[in-house]
Amino acid sequence: MGEPVVIEAQGIHKRFRIPKHRINSFKERAVHPLARIEYRDLQALRDVSFDVRKGEFFGVVGRNGSGKSTLLKVMASIYRADAGRIRMAGRLAPFIELGVGFNPDLTARDNVVLNGVMMGLSRREAARRLDAVLDFAELEEFLELPLKNYSSGMLVRLAFAVMVQADADIMLIDEVLAVGDASFAQKCANTFRDMRDVGKTIVLVTHDMATVEEYCHRAMLIDEGEVRYMGDPGQVSRRYLRLNFERAAGDEDEQDYEGQTGTEDARIVRGWLEDSAGEHVTNLEHGDTIRFRAEVEGVRAVSDPSFGFMIRDADGVNVAGFGTHLESGEDEPAKSLDPGERVRIAADIENPLNPGRYTLDFWVCRNRNVTDVVVAVRRMITFVVFGSVWAPGIVSLKARLEAVPQEGVHQEEARE
Amino acid sequence: MTGFGTTAENPELRDVRGPSATGGGWRRFADLLYLIAVTDFKKSYFGTVLGYFWSLARPVLLFAVLLAVFTQVFRIGSQVENYPVLLLLNIVMFGFFQEATVAAVTSVVAQEGVVRKTQFPRLVIPLAVVLTALFNLGMNLIAVFAFILAYGVEPAWTWLLFPLPAVALFVFTTAVAMILSSLYVRFRDVAIIWSVLVAVLFYGTPILYPLEVVPDTLHDFLMVNPLTPIFEQMRAWIIDPGAPGAVDAAGGVLYLLPALAMYMGICALAVWVFNREAPRIAEEL
Chain A
1 MGEPVVIEAQ GIHKRFRIPK HRINSFKERA VHPLARIEYR DLQALRDVSF
51 DVRKGEFFGV VGRNGSGKST LLKVMASIYR ADAGRIRMAG RLAPFIELGV
101 GFNPDLTARD NVVLNGVMMG LSRREAARRL DAVLDFAELE EFLELPLKNY
151 SSGMLVRLAF AVMVQADADI MLIDEVLAVG DASFAQKCAN TFRDMRDVGK
201 TIVLVTHDMA TVEEYCHRAM LIDEGEVRYM GDPGQVSRRY LRLNFERAAG
251 DEDEQDYEGQ TGTEDARIVR GWLEDSAGEH VTNLEHGDTI RFRAEVEGVR
301 AVSDPSFGFM IRDADGVNVA GFGTHLESGE DEPAKSLDPG ERVRIAADIE
351 NPLNPGRYTL DFWVCRNRNV TDVVVAVRRM ITFVVFGSVW APGIVSLKAR
401 LEAVPQEGVH QEEARE
Chain B
1 MTGFGTTAEN PELRDVRGPS ATGGGWRRFA DLLYLIAVTD FKKSYFGTVL
51 GYFWSLARPV LLFAVLLAVF TQVFRIGSQV ENYPVLLLLN IVMFGFFQEA
101 TVAAVTSVVA QEGVVRKTQF PRLVIPLAVV LTALFNLGMN LIAVFAFILA
151 YGVEPAWTWL LFPLPAVALF VFTTAVAMIL SSLYVRFRDV AIIWSVLVAV
201 LFYGTPILYP LEVVPDTLHD FLMVNPLTPI FEQMRAWIID PGAPGAVDAA
251 GGVLYLLPAL AMYMGICALA VWVFNREAPR IAEEL
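Protein sequences appear in the order of chains A and B.
Under the working numbering, think of the first position of the first sequence as 1, with each following residue one higher.
Under the working numbering, think of the first position of the second sequence as 1, with each following residue one higher.
Check before you lean on any hint, since a few could be wrong.
With the Cβ distance kept under 8 Å, some of the chain B side facing chain A (calculated, not the full set) [unchecked claim]:
1) 17
2) 23
3) 43
4) 282
Derived by calculation from the structure, the hints in this document are not laboratory data.
Beta carbons are placed, not taken as given, at the ideal position from N, Cα and C, and that holds for glycine.
Chain A on its own, in the form it takes in the complex (with noise of 0.2 Å):
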């Protein structure tokens, strides 16, 4: 590409010394003048460095305390880095998520004007966009409204179409992709597809391989605050979604859980997720079979014991439930789980969740009486499945659809 350089990054270094000890108050410095605070050391950059040229959607991608929002605040001038240089070149919208700064007094109106100048816009050049902004955000007979009578999907619709109206050449955005109903999500992709025509720059922090894949030209994987790999966006989803398998293949032995609830008359002793050839994963493809496996053992005897689990969503909303009991044979009566007895739990699962984080709960009952619980684990397994498919909701269901049009049925009247 010929495009000039917009970003360049060099030698990006930023520590954060958290106090083991904090002092809060004078009170605390007055009472201990002489007590030196030790500090633990986090390394959140080291030594990071790249160019993004103009007109390039760059992909930031990385687990949870990788660094890369540390990067982003970095770039955005809300952290100092500790050493090296960052140069840009243009302006800068330099906000790292929707709708910081909003005042829930103060009008659409008003909240727009003092957005608009945050982002780095004059107050007649933010007060002239204001009626685009409401345009966009389809809340032109809100304009008097204040923000705290505002529903969050309005917000949402309000501060993204101040994002967008803004206009900054270069953009730092942390995971807002989707945002409001599915038809505002639309749109929002539409504008992103706009942007990246026009020749705006944008950096976009996701741990979202889909939209990584599908937006960005090139990506960069972050681990302990470093790159791990720059270039192609395919390759960075590859290399992203073999770490955390790495990450997760890390702990074999037996798990103690916390938060195990109940009488504990019964353990469990470990619970996973594996693939078809057995191996434990945490990420699974749309569409993969949920392969669960757990095994307990008996503390004390249970009688009749049952064994049920529930699916979750990210926000702990119950997407399916599903239970059995201990295998007897035919005309034999209820089994027990006897002290020490180890039994393993398998269940294969169709899988029509759409991407997302989910989690698992496990529990034991006795006498196949869900209020008995023996032994109870809430987020015993958290587990992501990922696919380059967006779908509205928490599952995809198998359907038949058609549009025919109607016989006998004239266009025009058709159209009113």
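Here the structure of chain A is known, so what remains is to put chain B in place on it, guided by the hints.
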């Protein structure tokens, strides 16, 4: 559809300097300051039906109580020329200082979202608080001067000098606001400490009494207070031409030096502390 402007051709690469007190350009600084101060002011005046009277109510009530106490109980008031209007003016002026500094303490922390998630010139936050209080002061002063005239004080040419002590007070208030707002990020007991100190200052400044009635033992303490000369000079210029100005009340120019040094020192400290803390605020929060 969205009408993006085409970006300027090949603008120059410029260094990103990180967060600071005034980062982001002076025009943006001024626009933000103006917008925030004006919207806050509008909110307090137009949000309630009786906005203006409401903002006058506090100083007037305080004034009524103190006037009753110091003319009827302690009788200090009867020795002082035009005591009621002097008291009223002093209370309103000190009210500005108090309102602005107390509100400034928590201001930066209250704007946490803005500080942590955008590049925002940090100085705008306490400055906007002081500016809002200044607008309030302006509104209150209209009532105060109407009262002064109604009381029968002759307008003098020295009234034109009123902006001098007012600006001196404004600058000092800003300096204190900067120190408090940046320290509060790290030391949360600043709010409590300041609420006590501001009460001490209220009695340690010639507000209820003129400087000349203060016995010598306390006089020296008052002369270190940077607010003392400001209030004394205001009295001579506005209320009572016969009163000694700041210089005479102090007993000579030399005696003004401690207060002046204190004033300059606090202003310098404010600039230093705020500049030092500004880049770190986002990390400390």
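Hint check:
{"no.": "1", "hint": "17", "verdict": "holds (7 Å)"}
{"no.": "2", "hint": "23", "verdict": "holds (6 Å)"}
{"no.": "3", "hint": "43", "verdict": "holds (6 Å)"}
{"no.": "4", "hint": "282", "verdict": "holds (5 Å)"}
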